[in-house]
Amino acid sequence: MNQPSIATSPAVSDEMRQTTCYMCACRCGINVHLKSGRVSYIEGNRNHPVNRGVLCAKGASGIMQVTAPSRLRNPLRRVGPRGSGAFEEISWDEALNLAVSWMKPLRETAPEKLAFFTGRDQSQALTSWWAQAFGTPNYAAHGGFCSVNMAAGGIYTIGGAFWEFGQPDWERTKLFVLFGVAEDHDSNPIKIGLGKLKSRGARVVGVNPIRSGYNAIADDWFGITPGTDGLLILALVHCLFEAGKIDLDYLARFTNAPLLLDATEGPGKGLFLRNADGAPLVIDRKSGAPAPWNGQGVEPDLGATWQGARTVFQHMAERYLSPEYAPEAVADRCGIAAGRIRALAAELARVAFDEAIEIAQPWTDFRGVRHQKMPGRPVSFHAMRGISAHSNGFQTARALHLLQIILGAVETPGGYRLKPPYPKPAEAHPVPHFMAEPGKPLGGPHLGYVRSPEQLALKPDGTPARIDKAFSWENPLSAHGLMHMVIANAHAGDPYRIDTLFLYMANMAWNSSMNTARVMEMLTDTGADGEYVIPRIIYSDAYASEMVAYADLILPDTTYLERHDCISLLDRPISEPDAAGDSIRWPVIEPDRDVRGFQSVLLDLGARLALPGMVAEDGSPKYRDYADYIVNHQRRPGVGSLIGWRGADGTKEGRGEPNPDQLARYIENGSFYQAHIPEEAQFYKPWNAAYQDWAVKIGLYDTPQPYLFALWSEPLRRFQLAAEGHGAAQPPEHLRAQLQLAMDPLPIWYAPFGEAEAAEYPVHALTQRPMDMYHSWGSQNAWLRQIRGRNFLYLPTKIWAAQGFCEGDYARVTSPNGAILVPVAHMPALNENTVWTWNAIGKRKAAWALDDAASEAKEGFLLNHLISELQTEQTDGHRRTNSDPVTGQAAWFDLRVRIERVGPRDHAEPAFPPLPRVVPKGRTRA
Amino acid sequence: MHPAPSVILFTVLSGAGFGFLAFLGAGLVGASGWAAFGLWFLGYALAVGGLLASVFHLGNPRRATRAFSQWRTSWLSREAWASVATLTLLAPVALSDWLGFDWPRSWGLLAAALCLATIGTTSMIYAQLKTVPRWHHWITPVSFAVFALSGGAILSGDGRWAAAMLVALGFVLPALWQIGDGRFAAAGVGIGSATGLGAIGKVTVFEQPHTAPNYLMREMIYVVGRKHVLRLRVLAYGLAVLAPLLVVLVLPGGAARVALAALLHLTGALAARWLFFAQAEHVVGLYYGQR
Amino acid sequence: MTCLPAHTDKKLGLAIDLDTCVGCQACVTACKGWNDQGYGAPLSDQNPYGANPSGTFLNRVHSYQVAPDEGAVQTIAFPRSCLHCDDAPCVTVCPTGASYKRAADGIVLVNEDACIGCGLCAWACPYGARELDAAAGVMKKCTLCVDRIYNENLPEEDRVPACVRSCPTGARHFGDFADPESNVSRLSRERGGVALMPEMGTAPTNRYLPPRRKDTLAAPPLVPLGDFKATGLAGWLDRMLGGR
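Residue numbers (our numbering), protein chains in the order written: chain A, 1 to 926; chain B, 1001 to 1291; chain C, 2001 to 2244.
Keep in mind that a hint or two might mislead.
Said to hold, decoys possible - Not everything, but these chain C residues come out facing chain A in the computed CB check (under 10 Å): (1) 2060; (2) 2155; (3) 2241.
Simulated from the structure, these hints should not be mistaken for laboratory data. The C-beta atom is built at its ideal place from N, Cα and C for all residues, glycine as well.
Chain A extracted, bound-state conformation (with noise of 0.2 Å):
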C-alpha cells in the first residue's frame, strides 16, 4: 500500500540535562530536554535507584510547572494593609536590607521573637543550621502537621520509619499490607514495588476506609473504621499471640523483649534493670545469670524472672493475650468481621512461618555470634498518614512495628528494609535545643528525641520554651515540631507573642492550616494599639499561593529547574535499602524573572547578619550561594552535604575533604551518588557488625551503634513514670491522666479525640491526596487541573441510600468546627460510617493566576474550615491543640461530621472573596 513515509527517528531535543524531580517528596531522577534553551519534555531517569525511568504524573507534567503564570517575579514589599494585595516591587537588595532590619535586632534582643518554619522540607540541613545560628529555637519544618506519628513511632522502636526511611522487600515480599492513605510519600518506589508484587502475583492486603488508589488493587480489602488501626493491629497480635505463632529466636536476640524490668514500686518501677555500668540486663540462658544486653555470646531468655523483674516479653503476654484485644471484642469497633481479623492473622502467620526464606549469607551479630545464614519472614507491612493523622497515631504506628517485629519481618529478607541513615535508634539522635539567649547560636539543634522529661524544651518556669509548644507537656516527643499551632499560638500570645514569622513554602492561609478561615483572621488581626497582632511575615514562595497575600515582605524563590538543592544524608536522603544515596537539583535553565533560590537567600540574609558560619573571618560572605555550601560546608570534619566524590581528588566515599569539582561530578552522574553497602551487611542491619562498620566508614555514625527494638519504649514510661508523680519533672496536673494513658511504654490503643461527639457527629471524615496532584500545587498545572480540577465528597451507601442523594447534589457537612456547604459523589467502596474528599483541590478565588471562576474556586471545596487547631473539648479551660498528645501530630483524621442532603447547587461553601492578584491571570500557555 502506499503509505505516507514518516520521520520515525526524530531529535528528541537539542540536548538533555539530568537532576531531581520537585513535585513531592520523592526526588526521582529526571531527563530534562531542552530545545532551543527551553523546556520541551521531561522523563524519568532510568539509571536513577528513586524511580528507574518511571514518572508520575506530576513530575511527567513538570514542564507545566515551569512555565506556570502564578509564578512570582519579583520582590515584593506590602504597601497596604496586609490582604489588600497592596504590594510594591522592590530589588532584591531592599528586600534583604529589609529583612535584616527586622531581624538584626530581634537577635540581638530577644532571638525567639523570630520564628522560622519551613513548609518544603528538603533542605532542613540547611534551615536548621541558620535558625541555630540565629539563636531562635522557633524553628521546624511541616511534619508536625504531616506525618511525625510515623517517624516518632517508628524511631522511638526500631530505629526507623515507614515514610521514605525503608521498604517493604519488594523482591522477596510473599504478603504485603498496607494500612491507611499511603499515596503520599514515597510514591513511585512504592508503585514500582507494587507492580513487582503484582507481576509475582503475591497477595497485597489493603487496610483503608476508602478502596481507591493502591488499595484498588489490593488482593484483599479490609475497609476498617477511621482510628481503630491500632485495636485491629492489636487484635492480629493477639491472635498470633495465642496461637504461639511469634518469631522467639528473633525477639530473643534483636529486640528488647527478653529485658528485665524493675519491679519494685517507686521512681524506677517499669525501666530496665541495668548494672553497674547502665547497661540494661537480660538473663543468659547459657549461665542462668544476668548479663549485659549486648554481652559478647550472650543468648537472652525470654521467659526468665529474677528477683521478681520479668522480662518485656512477659508484660507483652500478658497484655496482648487479654480478651479485650480479641477480634470478637474489636470487631464492632473496627468495622470488620472477627472471622475477617482472624484469617489475616493466620495468613500473616502462614506466610511468615511457612513459607520462611533463607539467603545464604554468613553473618556476624553485635555479640559476636556468627551465623551461617540469614533467615527471612517474607511478611511486609506499610502504613503512612492515613494511621498517622489521628490523636492515637503514635501508639498506632508502635502497635504496626510490633507486630513486624514479632513476626520477625523487621530487617529480614522479605521483610521491611531501612536504608541509610537508619537503622539508627532514638538514643543516637539529638535532643531538643532550645535555651535562645541574645546575639548567641542555639547549642544545637532544635528538633531531636526526648528521653526524659528533663529533655524537655520548658523554661524555668516550666512554660514551653517554643511557640509551637513542641516538646512539652501536651505533646512530649514532638519530633517535628508543630508547624500547625504556631499562628494561632502566636495570635493568642500562649505562650508568647513573636515578632517576625518567617515561613518558607508552606501555604499555611489555606490548605496547610486547620480552621482555614480563623487563620485567615489570625494574619489580619490587630491589637489596641492599632499594629497587627503577628507584627511581621516573611514569605518565600514559587508561586502565587494563598499565603502570599499575607505577607509583609515576599522572597520569590525559582522553580525546581532554576536551583541549586542537595538532597543529604544530613537530612532525608534517597538512600535504599542496599546503598546510601544522596543527589542534588542544579540550574538546568536560567530563570527568566528576578527570583532567587531560597537557600541561597537565606545563605545570603544569614551573612548580612553575621551569623556564625555564614561569615568569613573578614566579615564577608563565607559562601557565594547554596552551591558553593553544598561543596564547602563541612558538618564534622570531613563530613559534608554530599557524600559522593569527596577527598580534593574526587575518590573519598563518605568523608573526605570538600571537592571544588564536587557538583560537576554529580552532574556527571545523573545528580546522584550511591555507596553501596556490602553484601554481608545488607541485612540485620542494627545487629550486623559489618554493616555498622560500613557505617563508621562513610561517616553515618563515629562508633558502631548497634542495638535492641524497643518493644518497651523506656521514654514513655519516664514520662508515665512522671505523670504518676515520680522525679523532679512534673507535668501540670490537667496533662497527668493524658500522659498515664497515651504515654504507655507498650504498644496500646486508646479511642481517638471526637470520640465524644460521636452521638451528635456520627460519620468520620477524611482526605486523602490524589496520585496526580502534590498539596495545592497541581491546581496551577494546566494539564493536572484539567484532570482533577475539582472534588466531591464521597458518600457511603449507607448515607447514600438513607438521605436520598441524587448526582448533583450538596451536602451541608457539619462538624463541632463549623459547617460547609459541598457537592457530593456515591462511592459503594467506603467504609459504612465514613465520608472522604481529596485534599487541597479547593482554591482560593484568584490565587494561583487562576480564573475568580476556576472550578477550584467555585465548587472546589476544603475540610480543613471544619477542623479546630484546638481540641473542642476544653471543660477545664485549658487550650489543647487537636495532636496527638505524644507527638503532636495534628489530628487531621480525627474529624467527625453530620451530613444532610441540601439538593443541587452551583458553588460550594464558604465561598471568600476574590484575593488581590500580585500576579496576572493566566492566560495561554507558556
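Please build the complex by placing chains B and C on the supplied structure of chain A, with the hints as guidance.
For chains B and C alone, coordinates are given in the frame of chain A:
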C-alpha cells in the same frame, strides 16, 4: 451527539435541495423560461448552501477538496462525488428547462435518480456508524430520503405529490423514532463490555478521567435538552408533517401555499434533525457512564 | 489509503494490566508531554487557567466501581486510549485518506497534512480514542509513539511508548500481538486478556488483563496454644518457651 447547527442545516437544506432537484430533473414541475430558472436556482441554492454549511463543520476547511479521494471506502467521500456529479449532470437539464432546448427528459430522470443517490450517501454517513446505534439502521436512509422528497414535493408546488410524500413522512418519522429508541439496547453493548469488567459484576463510574470538559464529551455525549424530547417530537411532527399537509390540502395552489408549507415543513425538519443528533447516543458515552 | 491493509506484518499494541493499574494518571501526562512536542501538531489546551480548561489528551484514565454478586464493591482504574484495531472503522470512514492503518506494524495513524478535521473518524470509534485538536483543527490520536518506538536517537530500551516507559507500576506492556511468543501475547494468554466492546466488530489489538479475583482471603483460623483461660500466663509461657 452534538447537534451542530452546521450539520443540521447541511442535512436539512441539501436534503430538501436535492429532493427538489429530483422533482425538477424528472420534469414533474413543468416550469419553463425564467420561472424555471428561478426554481432551478432555488434547488441549486438549497443543495449548494447545505454543502457549504457542512464545510463549517470542518477543522480545516481549506483542505476540503481532499474529501474526494476516498470514494472506495468513505461515504463522506462518496457523498462529495455524488453531489458534484449530480449538480453537474443536472446543469444541462436546468439549461434546457430555462432556455427551452427541450432536450430529452431521460437525461433528467438519470439526474433525478442521482439526486436520490446523493441523499443516500448523506444518510449513509450516519447509518454506517455502528457506534451510534440509533443511526445504524435502514430507517435512517429511508427517513433522509422521505424527508428530502417531502421537501422537494412541497417546493415542486404539486399538491398531490406533496400530500403523498407528507403522508409517507407521517409514517416514517414515528418509525424513525420508534426504531431509534430501541437501537441502543438492541446493540447489546453496555459499560460491562465497554470496560471488559462486566464479568465481575455491575459496573458504574467512580470518578471521571477528567473533571474539565473535553472534545469527546462535547461532541458525542450531548445530553442537553433530552428531557424535552416528547414536546420536541410533537412539535417536529406537527411542523414537518401535519401543518404542511393541512396547508397543502386546504389552501389553494400557488406560490404562497408553497412558501408557507415549505417554511413549516423545513422548520419541522430542522427540529426533527436536531432530535436526530441530540437523541443519538454514542457508545463512547458508556465509558463516562453517560449517553 | 483508507482501505485497511489486508494483513499487517506486526500487530503492535498494548496489554494493560487492570490488576496492577492504580490509576495514578502518570501515563496520561507522560503521553501529553511527549506528544505535545512529538508527532504532528502540539496537543493544545484551551482556556488552560480559566473556568473550563479543555485540552487534547490521547490517553485518559477512568475509574469504575464494580459490584460483584457477593462481597465488597471494587474500584478499578481503567486507562483508555487507541486500541489500534484490525478492523478500524475510523480508517475506512475517513474521506481524505488522512486516517490510515500502517501495513508494517498495524499502528493506526492520522496523516495530519491530509486531515480536514471533519470528525467522522472520532464518531466511528467506539472507544473515544480520537480527539480533535481545537487549535490545529486536526484529529489527534495515540500514535503508539511511532516517533519513539523506532527512534534511533533513543537508547534501545527507551523505544517504547511514553506511557509504557513512565508507568510506575509497570501495568502497561508494549509488544507485537502478531508474535505469539511476545510479552504481550503471553500475558494476554496467561491472564485472559480481554478485547473491549467486541460487539462493535473492530477487532482491537490492545488487550486488557482483567483484575484477579479479590477478597478471597480465607485462611483457617490459627489454633490456640492451649486454653489460656485455664492455664493463665504461666501456662502459656510454659507452652511457648518450654521447648527452648
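Going through the hints against the structure:
Interface hint at residue 2060(C): satisfied, since its Cβ lies 9 Å from the closest Cβ of chain A, which is below the 10 Å cut-off. Hint status for residue 2155(C) relative to chain A: holds, with the closest Cβ pair at about 8 Å, below 10 Å. Because the closest C-beta pair between residue 2241(C) and chain A is about 4 Å apart, less than 10 Å, the hint holds.
No hint from the list above goes unmet by this structure.
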